[in-house]
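Residue numbers (the numbering used here), protein chains in the order written: chain A, 1 to 283; chain B, 1 to 366; chain C, 1 to 306.
One or more hints might be untrue.
[As the list claims (entries may be wrong)] Calculated pairs, DSSO-like style, for lysine-lysine (alpha carbon to alpha carbon, straight line, at most 30 Å): (1) C:Lys17 - A:Lys48; (2) A:Lys176 - C:Lys17; (3) B:Lys166 - B:Lys127; (4) A:Lys48 - C:Lys250.
[Said to hold, decoys possible] Just a sample of chain C residues kept apart from chain B, beta carbon distances all over 10 Å, derived: (5) Arg71; (6) Asp78; (7) Pro197; (8) Val206.
[Stated by the list, open to error] Here are the in silico distance ranges between beta carbons for each label pair: (9) B:Glu124 - C:Leu289: 36 to 46 Å; (10) B:Leu69 - C:Pro166: 58 to 68 Å; (11) A:Leu120 - C:Val18: 42 to 52 Å; (12) B:Phe12 - C:Lys154: 47 to 57 Å; (13) A:Val193 - C:Thr75: 51 to 61 Å; (14) C:Leu116 - B:Leu69: 24 to 34 Å; (15) A:Arg192 - B:Arg102: 49 to 59 Å.
Everything labelled a hint here was simulated from the structure, so no lab data went into it.
Every residue, glycine too, gets a C-beta built ideally from N, C-alpha and C.
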Amino acid sequence: MRQRKKLRRAAVRAAASVPMYVLLVASAAVILFPLYMTAVDSLQPISKLLTYPPDFWPEHPHWSNYRSAMTDIPMPRYMLNSLIMATVVTVGQIVTSTLAAYAFSFMRFPFRGALFFIFLSTMMVPWEASIIPNFQIIQRLDWIDTYQGLTVPFLATAFGTFLLRQHFMTLPRELKDAADIDGYGDLRFLLRVVIPLSRAALATLAVFSFLQAWNQYLWPLLVTNDPDMRTVQIGIASLRDQEVQRTNVVLAGTVIALLPMLFLVIAFQRFLVRGLTAGAVKG
Amino acid sequence: MGVRFDQVSKYFGDVPALADFSLDVADGEFMVLLGPSGCGKTTALRILAGLEEATSGDVLIDERVVTDLNARDRDIAMVFQNYALYPHMSVYDNIAFGLRMRRIARREIDRTVHETAELLGIAELLKRKPGQLSGGQRQRVALGRAIVRRPKAFLMDEPLSNLDAKLRAQTRIELIRLHRRLQTTVLYVTHDQVEAMTMGGRIAVMDRGRLQQVGSPQDVYNRPANRFVAEFIGSPAMSFFEGPLSSDASGAFAVDTAGVSFVLNAEQAASARRHALAEITLGVRPEHIELADQFGERATAAAFGAHVDVVEALGNETHATLLVGGRAIITRLPPDAAIGAGETRRFAIAPQHLLLFDPASGGRLE
Amino acid sequence: MSIAASRPRERRRGRGKVVREAVSAAPFVLPSLALFSLFVFYPLVRSIWLGFHATDPFGRREVWVGIEQYRDVLTSSDFRYSLFVTGQFALYTVIGSTAIGLYLALLVHRRLPGILLFRTVYTSTVASSVAVSSVMWLLLLNPGVGVLNYLIGKGGLPTANWLTDPKWALVAIAMTTVWMNVGLATIVILAGLQNIPEQLYESARVDGARPWDQLLHVTLPALSPTLLFVSVVGVIFAFESFGQIDILTKGGPLNSTTVIVYSIYREAFLHYNVGLASAQAVVLFVIVLLLTGVQFLAAQRWVFYR
Chain A
1 MRQRKKLRRA AVRAAASVPM YVLLVASAAV ILFPLYMTAV DSLQPISKLL TYPPDFWPEH
61 PHWSNYRSAM TDIPMPRYML NSLIMATVVT VGQIVTSTLA AYAFSFMRFP FRGALFFIFL
121 STMMVPWEAS IIPNFQIIQR LDWIDTYQGL TVPFLATAFG TFLLRQHFMT LPRELKDAAD
181 IDGYGDLRFL LRVVIPLSRA ALATLAVFSF LQAWNQYLWP LLVTNDPDMR TVQIGIASLR
241 DQEVQRTNVV LAGTVIALLP MLFLVIAFQR FLVRGLTAGA VKG
Chain B
1 MGVRFDQVSK YFGDVPALAD FSLDVADGEF MVLLGPSGCG KTTALRILAG LEEATSGDVL
61 IDERVVTDLN ARDRDIAMVF QNYALYPHMS VYDNIAFGLR MRRIARREID RTVHETAELL
121 GIAELLKRKP GQLSGGQRQR VALGRAIVRR PKAFLMDEPL SNLDAKLRAQ TRIELIRLHR
181 RLQTTVLYVT HDQVEAMTMG GRIAVMDRGR LQQVGSPQDV YNRPANRFVA EFIGSPAMSF
241 FEGPLSSDAS GAFAVDTAGV SFVLNAEQAA SARRHALAEI TLGVRPEHIE LADQFGERAT
301 AAAFGAHVDV VEALGNETHA TLLVGGRAII TRLPPDAAIG AGETRRFAIA PQHLLLFDPA
361 SGGRLE
Chain C
1 MSIAASRPRE RRRGRGKVVR EAVSAAPFVL PSLALFSLFV FYPLVRSIWL GFHATDPFGR
61 REVWVGIEQY RDVLTSSDFR YSLFVTGQFA LYTVIGSTAI GLYLALLVHR RLPGILLFRT
121 VYTSTVASSV AVSSVMWLLL LNPGVGVLNY LIGKGGLPTA NWLTDPKWAL VAIAMTTVWM
181 NVGLATIVIL AGLQNIPEQL YESARVDGAR PWDQLLHVTL PALSPTLLFV SVVGVIFAFE
241 SFGQIDILTK GGPLNSTTVI VYSIYREAFL HYNVGLASAQ AVVLFVIVLL LTGVQFLAAQ
301 RWVFYR
């Protein structure tokens with residue numbers, strides 16, 4: 001008798017979740033649809049792309065499209081440039097944010113409040129409002145078409161500083177007190193205690209920094225002219241201009257540009273949400 | 001009437017949070033669920049509330065089986081440890097929330113909320129938000145929210161644990177008065193045995209998912225069902241002596257390895273013989289270990305010398321930690337006891353204060 | 001010595017200590033500060049300065065015109081129109097991403113087997129860049145063979161020439177942008193949802209609240225700071241948009257998708273009118289500042305902090 005009741009309860013619960021799954025799957029389908037069509041179309045011969053009604057499944061996948069995408073424009077070179085740029089920016093942002101966040105959390109110094117407000121204010125200035133002078137600076141330093149030009153303006157981030165500061169504030173004060181008593185200097189405390197305890201927050205920042213840097217469009221467009229220095233994002237835009245007729249190749253290029261980031265986001269999925277939860281996003 | 005747990009079990013995987021828990025709570029009774037953390041008391045409360053599902057068993061409120069009902073249909077009110085007040089709503093709205101959910105007329109809500117606020121002494125706080133209140137005030141709002149619904153039972157999950165000691169003592173008394181006035185069934189979960197003893201009409205002592213004993217505070221204190229209850233209730237805790245039973249021509253007596261020998265009286269000897277034990281555990285409360293020179297002419301179950309290690313004068317009584325054969329036991333003495341650390345004194349225990357336990361099962365022997 | 005009047009003398013932090021503190025903190029704060037000064041503050045100031053100078057159509061001759069140029073910008077119908085376009089764009093994208101992000105976050109904020117998979121899917125668009133999203137949607141939006149029109153047609157609704165019809169081009173770009181932003185919106189809102197204590201919901205349940213009541217009285221109020229953040233950031237993003245326009249419509253058709261940044265880009269790098277572009281950039285900055293301020297003011301009424 002009890003067994004039957006238990007089974008009935010479990011069945012009711014399962015039935016109640018069916019409409020939820022329907023919603024989940026339907027929403028997923030809508031979100032994934034552009035990705036799906038891009039993948040499909042990237043494998044089609046060009047004739048299929050020009051027909052109506054459109055095809056939803058590649059009968060004969062043309063992997064050669066991908067080869068074309070990699071060779072019609074110097075895609076490997078573009079990917080390398082993007083990789084270098086994103087890596088340098090990520091490392092730079094992590095270093096500068098960690099140092100600044102540490103100072104704002106654990107140290108006392110004159111004008112701390114005012115400086116924090118200054119950091120905050122940089123988030124108010126839309127980057128695009130200052131592109132002209134920034135471009136001129138890079139020009140004057142002769143950094144056009146160089147990695148420095150691509151990366152240096154972005155080596156500091158207020159967002160990263162806040163994210164890390166929020167996290168640092170959750171670490172118990174007593175750790176610092178104990179370190180002070182033991183005679184640890186600030187740098188040692190930061191390296192030996194704070195950073196090991198902040199791996200998750202740092203991973204989150206790293207993911208967001210890398211993502212943002214890899215996906216940049218306007219700035220690389222401005223500061224690079226030499227095809228050797230262009231990045232993947234400019235690459236696929238130029239692919240599009242170049243291969244006006246061969247959209248399938250363009251889409252293949254797009255997939256190539258997207259794949260690394262997609263992999264990054266999926267592999268580090270748990271840091272994305274959790275990293276923002278600790279300390280909370282409070283506006 | 002009242003509340004009934006009928007063989008309720010809750011398993012998380014293979015681990016039983018509650019195992020075959022059965023309890024009858026009379027209508028209007030103040031029942032305390034007491035035990036250490038992890039004993040299942042909060043789980044039992046949450047299953048009653050409908051916030052968790054039992055793996056097996058049934059829960060009844062007012063003779064009605066509510067096991068399959070949603071929390072909102074059970075007509076109970078709950079006060080959480082952290083109060084769970086809605087931070088964006090005023091005190092008034094917090095209290096009125098449950099009534100609004102049941103679509104009660106606005107005028108009726110207004111009347112009831114004001115009445116309840118008056119009762120709890122928070123009428124001037126109605127417009128404030130929880131963030132602007134002190135811990136004690138928040139707790140009253142949480143109470144108000146529960147009272148206003150006139151439920152069949154109040155469920156309280158360690159409501160006093162976030163208050164400071166003084167406020168706690170004060171609020172305890174207020175809760176007792178409130179219960180007397182409202183006459184509603186209360187299920188009160190706590191790990192603090194002082195709270196349980198002072199508030200409970202009856203106490204249900206739990207350990208590791210199982211009910212150990214149900215009874216009045218006196219019952220539970222003087223006639224503990226087993227060693228766990230005996231040890232958990234009472235502060236300082238009871239001292240235990242274990243040893244083999246040996247008998248001679250006149251009666252039976254146990255010898256503790258610490259070198260204290262106990263003599264059982266007739267009843268106790270009969271009980272020991274009945275259970276045919278080779279070893280026995282003896283328990284005695286600290287207030288029953290008395291100074292031998294204050295003992296007078298009464299019969300003793302044991303008399304022994306002990307080294308006085310630490311003396312704590314509390315003002316209304318004195319606690320002394322004694323070393324007996326390498327073990328430490330605590331005794332409670334009157335405040336004017338002439339005793340000092342480092343001394344060696346003689347102590348005595350009267351036979352009726354000895355409690356007998358089965359060393360294997362822990363159960364107390366009658 | 002008078003006992004009544006004496007007060008313990010306040011110990012002020014000795015000047016030596018303050019200097020020491022500043023010296024220790026300097027290497028931690030200076031790197032970021034130096035970079036901000038050079039690449040954020042200085043450019044802002046310089047933009048303002050450049051805005052005071054007109055550039056002649058033939059080259060780099062810069063002539064001081066003072067406030068004139070700013071006034072020209074604010075009164076020019078072209079600029080006003082691009083402001084209008086950008087405003088519309090912000091409205092579409094912020095409402096779109098926030099609403100859909102909220103829906104997805106609520107959907108995925110529960111314990112069901114396999115929920116992590118769905119969460120990964122919904123947040124995946126954060127991987128997509130402006131260039132990637134734009135090119136992806138390019139084919140979808142094609143009026144003739146694009147899948148979007150095909151599906152709409154199947155559904156019986158009228159199709160549109162998405163990128164070439166001045167009425168719909170901005171909507172098309174907004175669609176692309178919302179899709180791109182929805183991943184991040186979901187992440188942020190989900191983080192906000194996870195911060196709501198479970199006990200609040202339990203209390204509401206016991207009090208008689210149905211799922212809809214819980215959403216209205218527990219979830220949304222608790223989420224309001226997060227929603228404010230999403231909207232403020234969303235507006236800033238919208239006003240900073242460039243890439244989608246550059247790739248999909250180049251500002252057209254008939255300037256119906258010329259957002260402010262695109263206008264700045266066009267003036268500065270295609271027409272070499274640095275002065276005018278700078279003036280526009282400064283106006284953009286001020287507008288964004290004002291909008292952010294307005295949102296925070298409005299927030300007083302509907303955002304609840306704990």
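Tested hints:
no. : hint                            : result
1   : C:Lys17 - A:Lys48               : violated (75 Å)
2   : A:Lys176 - C:Lys17              : holds (19 Å)
3   : B:Lys166 - B:Lys127             : holds (27 Å)
4   : A:Lys48 - C:Lys250              : holds (27 Å)
5   : Arg71                           : holds (45 Å)
6   : Asp78                           : holds (45 Å)
7   : Pro197                          : violated (7 Å)
8   : Val206                          : violated (5 Å)
9   : B:Glu124 - C:Leu289: 36 to 46 Å : holds (42 Å)
10  : B:Leu69 - C:Pro166: 58 to 68 Å  : holds (59 Å)
11  : A:Leu120 - C:Val18: 42 to 52 Å  : violated (23 Å)
12  : B:Phe12 - C:Lys154: 47 to 57 Å  : holds (50 Å)
13  : A:Val193 - C:Thr75: 51 to 61 Å  : holds (59 Å)
14  : C:Leu116 - B:Leu69: 24 to 34 Å  : holds (31 Å)
15  : A:Arg192 - B:Arg102: 49 to 59 Å : holds (58 Å)
This entry does not satisfy hints 1, 7, 8 and 11, going by the numbered hints stated previously.
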